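Residue numbers (full-length UniProt numbering): 1 to 256.
None of these hints come from the bench; they were simulated from the model. A quick note: this is a predicted structure, and the numbers were derived from the prediction, not measured. The beta-carbon is built from N, C-alpha and C at its ideal position, and this holds for glycine as well. Careful: at least some of the hints might be erroneous.
Unchecked claim - Beta-carbon label-pair distances, calculated as ranges:
1. 96 / 175: 22 to 32 Å
2. 102 / 133: 27 to 37 Å
3. 129 / 6: 34 to 44 Å
4. 167 / 131: 32 to 42 Å
5. 44 / 200: 26 to 36 Å
6. 171 / 227: 30 to 40 Å
7. 13 / 194: 37 to 47 Å
8. 25 / 183: 49 to 59 Å
9. 197 / 249: 24 to 34 Å
10. 129 / 91: 39 to 49 Å
11. 129 / 251: 40 to 50 Å
12. 175 / 227: 41 to 51 Å
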Amino acid sequence: MITNPIGVIALSKREILRFLSAAGQTIFPPLVTSLLFMYIFGVAIGSRIDFSETGLSYLEFIIPGLMTMHLISSSYENTSASLFIARWHNHIQEVLLSPLSYFEMVLGLLAGSLLRGTIVCLGVYGISQFFYPLTIVHPWILLYFIFTISIIFACAGMIAALWAEDFGMLNVWNIYMIVPLVLMGGVFHPVGMLPQLVQDISRFNPMFYLVNGIRYSVTNISDVSVILCAVVSFTAALVLFFLTVHLFKIGYKLRT
Numbered sequence: 001m002i003t004n005p006i007g008v009i010a011l012s013k014r015e016i017l018r019f020l021s022a023a024g025q026t027i028f029p030p031l032v033t034s035l036l037f038m039y040i041f042g043v044a045i046g047s048r049i050d051f052s053e054t055g056l057s058y059l060e061f062i063i064p065g066l067m068t069m070h071l072i073s074s075s076y077e078n079t080s081a082s083l084f085i086a087r088w089h090n091h092i093q094e095v096l097l098s099p100l101s102y103f104e105m106v107l108g109l110l111a112g113s114l115l116r117g118t119i120v121c122l123g124v125y126g127i128s129q130f131f132y133p134l135t136i137v138h139p140w141i142l143l144y145f146i147f148t149i150s151i152i153f154a155c156a157g158m159i160a161a162l163w164a165e166d167f168g169m170l171n172v173w174n175i176y177m178i179v180p181l182v183l184m185g186g187v188f189h190p191v192g193m194l195p196q197l198v199q200d201i202s203r204f205n206p207m208f209y210l211v212n213g214i215r216y217s218v219t220n221i222s223d224v225s226v227i228l229c230a231v232v233s234f235t236a237a238l239v240l241f242f243l244t245v246h247l248f249k250i251g252y253k254l255r256t
């Protein structure tokens with residue numbers, strides 16, 4: 001389906017250089033935030049929490065959650081900011097007039113999010129080694145979830161960037177949907193500790209499966225079947241990717 005690989009590589013390179021040139025805003029902030037979370041919650045508070053029933057220390061438990069949380073936010077922010085600014089300044093026309101198919105355009109825009117999300121996710125893991133020498137149990141499963149989760153939220157970021165009319169609207173999805181769902185998906189707590197009704201509701205939260213997928217790959221422990229987590233992440237990535245391609249194809253808020 002890729003007929004213009006040189007064009008895809010050029011667009012991908014542009015997206016990658018864009019976030020690398022602003023690493024002080026795109027890479028280091030989530031790493032610093034994770035460092036603080038690990039120290040305050042994992043060391044200062046976590047050492048006083050009896051977490052033995054999970055088979056993990058509290059610090060071990062939150063490390064995969066933080067990896068997932070920052071993977072999601074980095075992937076989303078990369079494409080949402082890039083595409084919205086391109087629309088805002090009207091230089092998206094350069095991409096639309098290029099000899100790229102809509103599939104290739106989305107693929108090129110995805111590349112930056114995929115690399116940024118991977119760098120941040122693995123960077124959070126690297127920082128965790130200063131607090132706890134945690135070994136990744138299933139590295140290939142981790143790469144699978146990094147790949148699919150990056151696609152999910154890179155596409156969500158593009159959809160939000162197409163929908164938004166101003167910078168305030170651009171942050172609506174992140175503030176009122178993504179962040180609450182991620183936090184309720186088990187980043188800082190096992191869902192099994194919640195009341196039964198809340199546990200049942202959590203099963204309808206897609207973030208629950210994404211967080212548990214990363215947690216299983218790192219610690220071999222999950223609240224739910226990793227196969228189900230993999231199916232949910234793959235399905236969501238596939239649906240959102242082709243929805244994004246469709247929106248580009250019909251020119252949703254791109255040609256007006």
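Please write out, lowest number first, the hints stated earlier that are contradicted by the structure. Numbers 2, 8, 9 and 12 - these are the hints that the structure violates, sorted from lowest upward.
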